[in-house]
Amino acid sequence: DVVLTQTPPTLSATIGQSVSISCRSSQSLLDSDGNTYLNWLLQRPGQSPQLLIYSVSNLESGVPNRFSGSGSETDFTLKISGVEAEDLGVYYCMQATHAPYTFGAGTKLELK
Amino acid sequence: EVRLVESGGGLVQPGRSLKLSCAASGFSFNDYWMAWVRQAPEKGLEWIGEISQDSSTINYTPSLKNKFTISRDNAQNTLYLQMSKLGSEDTAIYYCARTGYFDFWGPGTMVTVSS
Chain S
2 DVVLTQTPPT
12 LSATIGQSVS
22 ISCRSSQSLL
32 DSDGNTYLNW
42 LLQRPGQSPQ
52 LLIYSVSNLE
62 SGVPNRFSGS
72 GSETDFTLKI
82 SGVEAEDLGV
92 YYCMQATHAP
102 YTFGAGTKLE
112 LK
Chain E
761 EVRLVESGGG
771 LVQPGRSLKL
781 SCAASGFSFN
791 DYWMAWVRQA
801 PEKGLEWIGE
811 ISQDSSTINY
821 TPSLKNKFTI
831 SRDNAQNTLY
841 LQMSKLGSED
851 TAIYYCARTG
861 YFDFWGPGTM
871 VTVSS
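Protein chains in written order, with the working numbering: chain S, 2 to 113; chain E, 761 to 875.
There's no promise every hint is true.
[Unchecked claim] If we take Cβ atoms under 8 Å as the criterion, some of the chain S residues that face chain E in the derived model are:
hint	residue
1	N40
2	S49
3	E61
4	P65
5	F68
6	G90
7	Y93
8	M95
9	P101
10	T103
11	A106
[Claimed, not checked] Below, simulated DSS-like cross-link-like pairs (lysine-lysine); rule was C-alpha separation at most 30 Å, straight line:
hint	chain 1	residue 1	chain 2	residue 2
12	S	K113	E	K803
13	S	K80	S	K113
14	S	K80	E	K779
Hints are computed from structural coordinates only; laboratory data are not their basis. Predicted model only: the values in this text are computed from it and were never measured. We put the beta carbon where it would ideally sit given N, CA and C, even for glycine.
Please model the entire structure based on the sequences and the hints provided.
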């Protein structure tokens, strides 16, 4: 199975600060169809996960553009340019290139 | 508005079976692959499996392949998860999600396996 390693496990930020989360894959997530199925999800406390970014860098409809994704093959990054209070929660990367699909362990974003 | 609502969770004894449902609305259910994902208490997310639009292809995470069965009824816009031989390790919130990009998730239903 593909292992996704997220760092850091916990992130403390002030409102307005820019932060980044890394997701490294144990193997390339480039599919034979040319797409890279690496998504980013946010799970706010007590809620179900919410899609933020799909296929590395595509912003899901309705998601603020302070969120951005980048990367390729095995190294991916989620950046939040100016954290807001509503961004607090646990961020997960997930891959849907290789079955069984897998998730990173999560990065908890807290207020400093 | 896309809605996914899971049901059927609850307290179940070890070794017993349970069937979860996920009612879909607000989109053309039979155009999408669907998936089940679970989350044990205070833990991360685990993909259980997925089913194609016409049920011709069903994929499972290997460790659950012989315990769980995914099915769907397109006429009823409903996804199912049949779980058997439940153990304490199966205690979790169970989510259904629309695949492709996992762009919509239900609120989840809690399953507690305990005597």
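Consistency of the hints with the structure:
A least Cβ separation of about 6 Å between N40 (chain S) and chain E falls short of the 8 Å threshold, and the interface hint therefore holds. The beta carbon of S49 (chain S) is positioned within 8 Å of a beta carbon in chain E (closest approach about 4 Å), and the interface hint is therefore held. Hint status for E61 (chain S): holds, given a least beta-carbon distance of 6 Å to chain E, under 8 Å. With a least beta-carbon distance of about 16 Å to chain E, the hint placing P65 (chain S) at the interface is violated under the 8 Å criterion.
Contact between F68 (chain S) and chain E, as hinted, is not supported at the beta carbon level, the nearest pair being about 15 Å apart and thus beyond 8 Å. The criterion of a C-beta within 8 Å of any C-beta in chain E is not met by G90 (chain S), whose closest approach is roughly 13 Å, and the hint is violated. Look at Y93 (chain S): its Cβ gets to within about 6 Å of chain E, closer than 8 Å, so that hint holds up. Taken as an interface hint, M95 (chain S) checks out: its beta carbon lies about 7 Å from the nearest beta carbon of chain E, inside 8 Å.
Evaluation of the P101 (chain S) hint against chain E yields a held restraint, the C-beta minimum of about 4 Å falling below 8 Å. A least Cβ separation of about 7 Å between T103 (chain S) and chain E falls short of the 8 Å threshold, and the interface hint therefore holds. Annotation: A106 (chain S) was flagged as interfacial toward chain E, and the flag holds, the nearest CB pair being 5 Å apart, inside 8 Å. For the suggested pair K113 (chain S) and K803 (chain E), the alpha carbons sit about 23 Å apart, so the restraint of at most 30 Å is met.
For the hint pairing K80 (chain S) with K113 (chain S), the CA-to-CA distance comes to about 18 Å; that is within 30 Å, so the pair holds. For the given pair, K80 (chain S) sits about 39 Å from K779 (chain E) by alpha-carbon distance, which is inconsistent with the 30 Å threshold.
Against the hints set out earlier in the document, violations occur for numbers 4, 5, 6 and 14.
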